[in-house]
Structures are given as C-alpha cells and as structure tokens.
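Model the full structure from these sequences, guided by the hints.
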Amino acid sequence: MSDDDSSGWQLTESDPGVFTELLKRLGVPYIVDDLYSLEPESLAALQPVHALIFLFKWVPELASDKSNDNAGHYDTDFPGFFAHQTVNNACATLAVINALGNIAPLTAGPQLMDLMNFTTGMDPQTCGMAITSADWLREAHNALSPPSSISLDGLDLPKKSEDAYHFVVYLPALGSLYELDGLKPYPVRHGEFDGSGEGWLKKAREVIENRIGSYPIGALEFSLLALRDDPLPAMRTRLDVLQGSVEDAEFVDLMNKISNENSKRERWAFENSVRRHNHIGLAHALLLALAKAGKLDLAKAAAQRGMKEYLERRKEMGLDMDES
Amino acid sequence: MSVPLTDSRTMMAFKAGRAFRRPGTNFVDASPVKGAIVLSKDESYLVHFMWKDRTTGEVAEDLILFPGDAKFEKVSQSSWGRTYVLKFESSDQKHFFWLQDSSTSRDEEFVRHLNRVLEDPEIIPVWDVSEPQASTSATASSSTTAGATPEQLAQIRALVGSMTGGTSEEDQFSLTDVLTPQNLLPLFHSHPDLLPSLFPHLPSEFLPSSDPTPHQMAELTEMLQRTINSPPFRASVAQLDRALRTGALGGFVRSLGLPESAGTGVGAFLAAIAEQARQEGGTEEQMDED
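So the sequences go chain by chain: A and B.
Residue 84 in UniProt numbering sits at position 84 of the first sequence, and the numbers go up by one each step.
Residue 159 in UniProt numbering sits at position 159 of the second sequence, and the numbers go up by one each step.
In case anyone wonders, no lab produced these hints; they're calculated from the structure.
Be a bit skeptical, because a hint or two may be false.
List of simulated lysine-lysine pairs, DSS-like, C-alpha gap at most 30 Å [stated by the list, open to error]:
#, chain 1, residue 1, chain 2, residue 2
1, B, Lys74, A, Lys57
2, B, Lys87, B, Lys15
3, B, Lys15, B, Lys52
4, B, Lys34, B, Lys52
5, B, Lys34, B, Lys74
6, B, Lys34, B, Lys15
7, A, Lys203, A, Lys57
8, B, Lys74, B, Lys94
9, B, Lys41, B, Lys15
10, B, Lys94, B, Lys71
11, A, Lys315, B, Lys87
12, B, Lys74, B, Lys15
13, A, Lys308, B, Lys71
14, A, Lys57, A, Lys257
15, A, Lys24, A, Lys202
16, B, Lys41, B, Lys52
17, B, Lys41, A, Lys315
18, A, Lys264, A, Lys202
19, B, Lys15, A, Lys308
20, A, Lys24, A, Lys203
21, B, Lys34, B, Lys71
22, B, Lys94, A, Lys315
23, B, Lys34, A, Lys57
24, B, Lys71, B, Lys87
25, A, Lys184, A, Lys24
26, A, Lys57, B, Lys41
27, B, Lys15, B, Lys71
28, A, Lys295, B, Lys71
29, B, Lys71, B, Lys41
30, B, Lys71, A, Lys257
31, A, Lys308, B, Lys34
32, B, Lys87, B, Lys34
33, B, Lys15, A, Lys24
The following block contains the structure:
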C-alpha cells in the first residue's frame, strides 16, 4: 500500500459535522461530538457513549520516536469486528466502521448491514480491503470533502502539506476495553473494566491519558470525539409529553437543550455545504461586483500595500516561523 | 534552466557539502556526500537556505532566514581553506559546509553574493550582465562587483521578469487580501442591487426554488456573509491565486467569460474583470489608463 494509492478515496476533514453526516448516510441513529475533556461530568452529559475516537498526528520535530504507545496486548482471537486500514485516505471512514462493527445490536441502512454480513469471519486484511472496495461507501465518504477542482488539475499546484490524522477507536467489548487501530495487526486489549458507575469510560480515560502523557509536550496534536446516541429524538419525545407546562423547569431546560442541539446541527449543515461547494464562481462574481461598484482598484491597491507592510514587518520583527 | 513558477524562485545555487562537529571537540568532519547550497524565495517572499543532496535530489536542510540574521563565513582554522560556517545573530546555531566545485576560482564570488542576499534579499545578484544565469561551468567572467549600473540592473530585472512569466511587482498582492470581509461586507450594504448576481453562486442547498421573498433575500445575504468568512471559501480563493500565478489558466478563465489573457496572472485577471464590468454596463469604476 503506497501513500500515493488513494484508490479513489479523497482525504476528508476530521470534524464532528463531517462524521455525523457520514453516520446519517450509513443510516445509524448516532452522532459524533467533540470531546473537550475526559472529565466524568463532560462524558456523563453525552451518555450513552458507544465509542471514543482518538485522532492525532505527530509534530515531526518533537516526536522522533513514534512508538510510545505500547500499553495493552494484542488479542489475536478477537471475535468482534476489526478491519485493517488498506487505503490511507479512507482512515476516517474506516475508524467509524470499526466502531459500528462492534455495536450490537446495530440498526443501520441496508448497504451497511449487507457489508457487515459480507465481512463476517474475514481476517482483518481481507476485511479492510472489502471495506475500501465498497463503491457506495467510497462515494458517501468522498461526498463529504471539497470538490477536486477538475479545472485546476494538471497545473501541479503545490499541495500544502496536509498530513492526515491517524484515527484510533476505543470501545468496550466482552467486558474489556479495546483499542482498534487499523494500522496495527490486531485489536489491542487494555484489560477489564468495572461495569458500575462510569463503566468502560473510566478505563478509557486512564488509557488515553497515559497515552497522551507518554509524548513530550507539544509533540502530539490530537482531538477526541465521542460516538453516541443522537439525543434529539428522545428529547423531542419527552418535550411532547411535557407539552404545555411552561413553568416547568424541566420543560425550559429541555427547550434550551433542543435549541442548542439544533443550532449545532445547523452549523454543521452549513459547514458541510460550504466545504463541498466549488467557490471559484462566487469569487469571480464577487470581483465583478467590486468592479461594478467602483471598488476593485482600491481593494487591489490596499492589498498591494498590505503585502508590502507584511514583508517589512517580518523583517523588523525577525520572528522565527514554521512553514505552515 | 526552468524557473519554477508556482512554489519558489531559485536565486542561486552552488556545489557544497556539509560538515559536522565531532561531539565534544572543536573538530568539524566533512561529509563526502555531494550536495548543493540552494537559495530560493517562496511564495511568501521568504528566503530559504537549503542544502540538497545531489545524488538523491533530497532537500536535507531547509532554513528560513531573516534579512541580516545570517552570515556565511570562512572558517579560518581550516587549513584546507574551503570550509565555511553559516552563523546567526539570533541564535548559536552553526551549520558547516565545504565548497565542492572542482575549481576554486568562483568561491569568493559565490560567497560574496550569498552574503549580500542574506543581508538583503531584494538584491538581484549580478553575475555577468550578458549572462544573468549563473553557470558553474563558465570561466569566471569579468567581475561585476558591488557597482552594477542602473541600466544593468534594469536589464536584469526585465530578464528576470520575463523568465518568471509576468509575476512582476504588479502581482505582488494576493487575491485573499482583495476578497476580504472588510472589502465585501460594505459592498453588500452599499450596493444591494448587486446581490442577486451573487446569490446564484452560493451552495445550491441555500437557494429557494423560486424568486426570493424579501425575507429570503435577508437570509441569503446572511448566508453570503457567512460563506465569505468561511475557511473553505478562503482556501478556494488562495488556490485560485496560486493557480493564476502559474500563468497557465487561459483555458479555464474562458469558462468565466473572460479572455485567455486573463489567465496569465493575478493582475491580468483583475484587469480583465474590470473590463468585463465595463462591458456589462453600470460600472462606476474609473477608467484606469496604464
């Protein structure tokens, strides 16, 4: 598997809105949310959580030794679902499938259910190849990313160095915490968790915090996501039941929660639309509008001044910069 | 020599190997690997001092240098005489090199030009007026030292300008600085009659199925404002800017109703749009005779 062989899979952004849209297309009743902290209160607010997705990339100058995470043991007899990552660009979708494959019972759209049935009993490598060969899945995945500007192809524009994040899934299976990493040969078993209280999340917190702590400060750029039940249907049902009691604190609280959740979905929908859209036509139309309004020359002159000042300022300040 | 248009402009290059300090000593051991020191400017006009392995082509070192911060000095204690060190005002870093050109006759010239560029990257090193491209195989041409005449400099600038396909001072600005909220939001406010020409270019999910009501117009205006503020929009503009700098967008710009000349650079693109605005009528743009 070479880095250049994207096999038709485009690189996606790794944000909750993108993941949630993918889940919707897969027909599962879950969403993905940003996790800003692993504290019990933060996690409790998102329950039930089915899986945690840890995404990270190494800052090359600071993390020379990439194999800092040696905790746990390979489980060569894992009876659950595990697929290898056979195409780099598919990493986000592969992590999602690895998570979903271990949620039982799984309600999903027919295509995903068929894919799960088809891959039953396959070894991780074959399973991974089956996943990345599923055309419908690849199309759903690609639909999430910016349009490849076909008209600008062949110009050899320098690609900004977009190192992909790596995705690792943590979830409970058979009473233990498992780590599913598509680049490792087997699932990693991190030991049993106590079913009471926070349950598996407590163990997950320990393991993830240890992992983060094993890198020099600043060597790791990472993010955490929680794959959880979509809370809106239940909240709406409850609201219907409480209908009419405006003085009810629970009613008001619920209204606020629903309102917040809806705002978040609207923002995700906006971001997804803008991300998928080809903006070149808009850029041209805006420049034309500026010209018609007699403002284009001024804007250009200001831009030229701005560039000059920027270069001068850098000279003066002697800032050390990284190439971004 | 092809001048890379899109990412960097090579300013000079000469054969050199690296040398490394023997730990715990003051000795510096030369590494035999054949290499080259390459000085270039990137799309942000920053100077890169790179060392490239001539066998593999790999750029093993890439330092961004600030004007006046670095100097390339001869290491006097080296009996062999061709060892140099790159040292900095801003830090204790030292990088050692040894010159690898089989002839020593151009050593002094290379080092002198290198130091002048490190001091002030705006300087265009004048090698020889008749042959502006440095050639390591050429015999040392009559020295053109610090005093190039204004005519010679103008000649060089014109040649460099033509080599880089029109990326002249004219184009020293970025489209991303033109299509800013600071320029666009007041436009939406002052010329609402132009908004209907913009809405159709928004994501189709935002557009109503029939003529927008006043309420929908307000919503669309808000969507437009949010869109121009979004990272994907800014990324598209940056990409368009980079593509225009290749000078090779002639075919593409026709799809926008512009002439092929509009695809030769950022300045040309804007000039063609200004003309398009005039032709479509209703422009308040002053005629810019240049």
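Hints, one by one, checked against the model:
1. Distance check on the hinted pair: B/Lys74 and A/Lys57 sit about 41 Å apart at the alpha-carbon level, beyond 30 Å; violated.
2. For the given pair, B/Lys87 sits about 19 Å from B/Lys15 by alpha-carbon distance, which is consistent with the 30 Å threshold.
3. With a C-alpha separation of about 9 Å, the suggested pair B/Lys15 and B/Lys52 falls inside the 30 Å cut-off, and the hint holds.
4. The hinted pair formed by B/Lys34 and B/Lys52 meets the criterion: a straight-line CA distance of about 9 Å does not exceed 30 Å.
5. As the CA atoms of B/Lys34 and B/Lys74 are separated by approximately 19 Å, the hinted pair is consistent with the 30 Å bound.
6. Note on B/Lys34 and B/Lys15: the hinted pairing holds, with a Cα-Cα distance of about 8 Å set against a maximum of 30 Å.
7. The hinted pair formed by A/Lys203 and A/Lys57 meets the criterion: a straight-line CA distance of about 23 Å does not exceed 30 Å.
8. Of the supplied pair hints, the one linking B/Lys74 and B/Lys94 holds, its CA atoms being roughly 12 Å apart against a limit of 30 Å.
9. Simply put, B/Lys41 and B/Lys15 have alpha-carbon atoms about 19 Å apart, close enough for the 30 Å limit, and the pair holds.
10. Of the supplied pair hints, the one linking B/Lys94 and B/Lys71 holds, its CA atoms being roughly 10 Å apart against a limit of 30 Å.
11. Restraint check for A/Lys315 and B/Lys87: satisfied, since their Cα atoms lie roughly 18 Å apart, inside the 30 Å limit.
12. Only pairs whose Cα atoms come within 30 Å are accepted, and B/Lys74 paired with B/Lys15 is accepted, the gap being roughly 16 Å.
13. With a CA separation close to 25 Å, the supplied pair A/Lys308 and B/Lys71 stays within the 30 Å bound.
14. Taking the CA atoms of A/Lys57 and A/Lys257, the gap is about 33 Å. The hint is violated against a cut of 30 Å.
15. At most 30 Å may separate the alpha-carbon atoms for a hinted pair to count; A/Lys24 and A/Lys202 meet this at roughly 28 Å.
16. Straight-line distance between C-alpha atoms of B/Lys41 and B/Lys52 comes to about 15 Å, which keeps the hinted pair within the 30 Å bound.
17. About 14 Å separates the Cα atoms of B/Lys41 and A/Lys315, which keeps this hinted pair within 30 Å; it holds.
18. With a CA separation close to 27 Å, the supplied pair A/Lys264 and A/Lys202 stays within the 30 Å bound.
19. Proximity of B/Lys15 to A/Lys308 is assessed by CA-CA distance (about 33 Å); at most 30 Å being required, the pair is judged violated.
20. In summary, the hint linking A/Lys24 to A/Lys203 is supported, as the alpha carbons are separated by about 29 Å, within the 30 Å threshold.
21. Our distance criterion of 30 Å between C-alpha atoms is met by B/Lys34 and B/Lys71, whose separation comes to about 22 Å.
22. Pair hint B/Lys94 plus A/Lys315 holds up; C-alpha atoms about 21 Å apart against a cutoff of 30 Å.
23. With a C-alpha separation of about 33 Å, the suggested pair B/Lys34 and A/Lys57 falls outside the 30 Å cut-off, and the hint is violated.
24. Our distance criterion of 30 Å between C-alpha atoms is met by B/Lys71 and B/Lys87, whose separation comes to about 5 Å.
25. For the proposed pair A/Lys184 and A/Lys24, the alpha carbon gap of about 28 Å is at most 30 Å, so the pair holds.
26. For the hint linking A/Lys57 to B/Lys41, the alpha-carbon distance of about 29 Å falls within 30 Å, and the restraint holds.
27. For a cut-off of 30 Å, the pair hint linking B/Lys15 to B/Lys71 stands: about 18 Å separates their Cα positions.
28. Among the hinted pairs, A/Lys295 with B/Lys71 is inconsistent with the structure: their alpha-carbon atoms are about 45 Å apart, more than 30 Å.
29. Straight-line distance between C-alpha atoms of B/Lys71 and B/Lys41 comes to about 17 Å, which keeps the hinted pair within the 30 Å bound.
30. Note on B/Lys71 and A/Lys257: the hinted pairing is violated, with a Cα-Cα distance of about 61 Å set against a maximum of 30 Å.
31. For the suggested pair A/Lys308 and B/Lys34, the alpha carbons sit about 38 Å apart, so the restraint of at most 30 Å is broken.
32. Distance check on the hinted pair: B/Lys87 and B/Lys34 sit about 22 Å apart at the alpha-carbon level, within 30 Å; holds.
33. For the hint pairing B/Lys15 with A/Lys24, the CA-to-CA distance comes to about 58 Å; that exceeds 30 Å, so the pair is violated.
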